[in-house]
Amino acid sequence: MSSLLKASNVESYIGLYTILHDVNLEINKGEAVALLGRNGAGKTTFLKTLMNLVSTRKGSIELEGRSIVGVPTHKIAKMGIGYVPEDYGVFDALTIEENLRVAMWKEDKETLERVDSVLDLFPDLKVAYKRMASTLSGGQRQMLSISRALVNENRIILIDEPSKGLAPVVIEKLAHALKAISKDATVLLVEQNFAMACAVADKYYIISEGRTVNNGDIKDLMQNKELQHKHLGVM
Amino acid sequence: MDIFITLVINGLAQGALLFLLASGLSIILGLMGVVNFTHGTLFIWGGYVYIWIFTLTDSFLLGILAAVGVTFLMGVFFEKFFVSRVYGNVPAQILITLGLQVIFTDLVRLIWGATPLTIGRPDFLADTWIVGGIVIVQYRVFLIAVGVIVAFGIHLLLNKTKIGMIVRAGVQRPDMVRALGININTYFTFVFAGGAALAGLGGALYAPLVGSMASTAGMHNQVLAFIVVVVGGMGSFMGSAGGSVLLGLMGSGIAWFAPGFASVANVGLMAIVLAFKPSGLFGLAVKK
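Sequences listed follow chains A and B, in order.
Residues in the first sequence are numbered from 1 upward in steps of one, following our numbering.
Residues in the second sequence are numbered from 1001 upward in steps of one, following our numbering.
Chain B extracted, bound-state conformation (with noise of 0.2 angstroms):
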């Protein structure tokens, strides 16, 4: 029972880390077509930033503010020079987001250098919690309350502000929502740079529950990420919540009872879906 409660909490863990990276990465894909491969590198320069700035300031919370401000700014950056220019052409799409990871991913190697660097996690998380002989660490459960603070608050600004109902209509008919007198693509620019920034956000967390940051670690979580959006389904928040804590759970599980199949066991997971849900275990949030 013991072992059950911690691989729950570390899946838990797990899924909100998937949840930060996976809910943008859907909207991106269910709002604006947009097959966005920059994820992976926002992933890291959230968590490089996140090292950079907590080393020299000692501070956790600006050391997460500086992250997921830098990675907004490359969101609108990357939104406004290079994915605005290819909407609609899903292959250009591929090649050059793909073109922007490999560039930005060498730019942190260049940056910062080609080895990992370590963190520690904030004195204030880094302790542990003994109930009843099961141990819990601290920073796995702060990692679960960002992920439910995230999730309420994405919901909140999708279902109750004006700006997540043109989002959610623009999911569905932008010819539409421009039809209405609505510039569409500022909430192009505004989703997409919020989807990097909750990447960046995921890095930053990352970076202390490993203990270290790779330049390599990016491409990796982006598969996942596309895996938990096939799984809960293109475009639906709801499904990416969902299937990020399905693939937190089912990858803390299998690390513990099969740690070999752990990567079969993620796309295994994709291809059953695929196979017989293609449009995810969620559904998608609109029909396109």
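Chain A on its own, in the form it takes in the complex (with noise of 0.2 angstroms):
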């Protein structure tokens, strides 16, 4: 399988600190990766390193083969690389309808029929098209901002802890539906839900304090109960 996503050594930082110290990661095409960790170990930092949103230091990042190193983020998401940010990104003052729009960078009707299986996938959103996202729960947030990133035809789409706060319930929803999308797309998924992350992934790594301690199978990890609760604190 050729290599979709590669980052070696990377090293980033934000203002004068360094977030993340060597960070080593290979994501093929079709693969579904998660990546584990506990609070503050660097997976958000790393996620808005792939887009630039925090600068490298060092290292390499490499899409199919591509240097995406300092090349501005709006390159980085055109090159095919969706970001669904932990706090959803959500435009406020915009309705459903406009924020996915916004997102689409062609309004052609293989765009439109994209966005009609993308509704298909979150119902909650397809009944309330018109409404501001002002007004959304949390989990109608979340569902928006994952639709955003599939309304086009991206290559990878980055999702970060799409669980965090939202109810049990909204919880088995977007399990499901991100299931759904990692059969045909390929996905990084940063989680701290170690079941949901079971229930999207095939593969793993674990971050810790910047760096790449640990990565395989997830159905390794399930198995391994010393690994999860040294490095997730999974009782």
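Possibly wrong hints are sitting among the right ones.
As the list claims (entries may be wrong) - Derived Cβ-Cβ restraints for the label pairs, each shown as a range:
hint	chain 1	residue 1	chain 2	residue 2	range
1	A	R131	B	V1264	42 to 48 angstroms
2	A	S134	B	V1267	29 to 35 angstroms
3	A	K29	B	N1183	25 to 31 angstroms
4	B	I1094	A	R38	40 to 46 angstroms
Stated by the list, open to error - Okay, derived cross-link-like pairs now, DSBU-like style, lysine-lysine, Cα gap no bigger than 30 angstroms in a straight line:
hint	chain 1	residue 1	chain 2	residue 2
5	A	K75	B	K1160
6	A	K109	B	K1162
7	A	K179	A	K219
8	B	K1080	A	K126
9	B	K1162	A	K75
Unchecked claim - Pulled a few chain A residues facing chain B out of the computed Cβ check, cut under 7 angstroms:
hint	residue
10	Y83
11	G89
12	L94
13	I218
These are calculated hints, taken from the structure and not from any lab test.
Just so you know, these numbers come straight off a predicted model, no measurement behind them.
Even for Gly, the Cβ is constructed at its ideal location relative to N, Cα and C.
Dock the two chains into a complex; use the hints.
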């Protein structure tokens, strides 16, 4: 399988502080990979580094063999990386429809069909299509944020903690949708909810204190209670 | 009653001019977080270019188009070469835009001289109507109409077009707009230049109203526009419209009943709004 996204020895910083010290990760086309770790380990910073929302100091990041280090964020997105931030990044002053339209690179037949199929995944959004985003619940905002990343033909979707702060019943819905998405798309999922990560991902990487310390098949991690306890705090 | 109607028309006309200046300023502040002091000089450039072209061609339309075109290009120049280098650094923005204000205002004096240029109203707007004993100045009604048309145009642009959606999204989350594959910097330039052109249009329309344009008119009107932005709510287009009408009407009334208090009233209103509703009377367009 060809490597879609490859990060090697990545070091990145915010202000005066180095957050990532040595992150190595490789995702192949069609894979769903969970990036796991405790709070403050550097998972969110790594996704931001991929989007050049946080600057890379050292190391290399390649998308299908092309370096994306230092490339402006909007160009990285146009290269085919969809990004769903931790705080949803929904535009409150716009309706659901407008949020999706802003995200569309083209409004051709193909894109509109894709929007229809995305809305089939999230019927809640279909019902409230003309509603202002400011009126949406946390779960609906997350659904909208994920939908925005799916309206274009992206090569990979980066999703940051989709289950954070949501009710169990909403998490269940999201897990179902993400599982469906990961069948067709390449996904890098940052997640603290281990059950959710297991439901969606095939592979995992663990980050601890800004370094990737372990990786492998998610089924193996599900069996390895010691590793779960050591790096994820799962009892 | 007659005087009341006259004051309302005067106030609305003044409000329309203020709106042209303040709406661009407000959106630039809201979207780009830029405290922009170049608006005053763009205002007078609009006025001087209009007078220059109108005098040469005797065409009101050509004069307006030239004023809008020149100030739009000045806006592109200011944003690309100066303002874009100081995003996120408010003290540097104030210094650099104040510097541009001083330089380009002096440039006006260098090109057209320090003496104010006089200009009449175009023939087709030079008359008055008399309705039931009330004298209505055609040019003031024209200004109100332009204000309404521009407000309606901006409203349509912001709310019914994809450009508007991106601008509104960018006001809230420029980083997220970038992460969706949109080069928000191009929109920043467009918005800055659009705001500059509106200021230029304001200056071009102001000159025939008062019969002249002086190089000192920029800062005075800039301060009024800032008051409108604070009163209306930063980044709020509707706030700018409401704030402009409010200040225009208030200014018109005070100029009649207590002319000595004109400046005090404007600043006083701003102080009251800041004390009791810091987000502006009409609230912020979006939460930052």
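Hints versus structure:
1. R131/A to V1264/B: 42 to 48 angstroms: holds (45 angstroms)
2. S134/A to V1267/B: 29 to 35 angstroms: Given range 29 to 35 angstroms: holds, Cβ gap about 34 angstroms.
3. K29/A to N1183/B: 25 to 31 angstroms: holds (27 angstroms)
4. I1094/B to R38/A: 40 to 46 angstroms: holds (43 angstroms)
5. K75/A to K1160/B: holds (26 angstroms)
6. K109/A to K1162/B: Cα-Cα ~17 angstroms, so holds.
7. K179/A to K219/A: Since the Cα atoms of K179/A and K219/A sit roughly 15 angstroms apart, the hinted pair holds (cutoff 30 angstroms).
8. K1080/B to K126/A: violated (41 angstroms)
9. K1162/B to K75/A: Distance of about 19 angstroms is within 30 angstroms: holds.
10. Y83: Holds, because the Cβ-Cβ distance from Y83/A to chain B comes to roughly 5 angstroms (cut-off 7 angstroms).
11. G89: With Cβ-Cβ at 4 angstroms, under 7 angstroms, it holds.
12. L94: holds (6 angstroms)
13. I218: Interface hint status for I218/A: violated (27 angstroms vs cutoff 7 angstroms).
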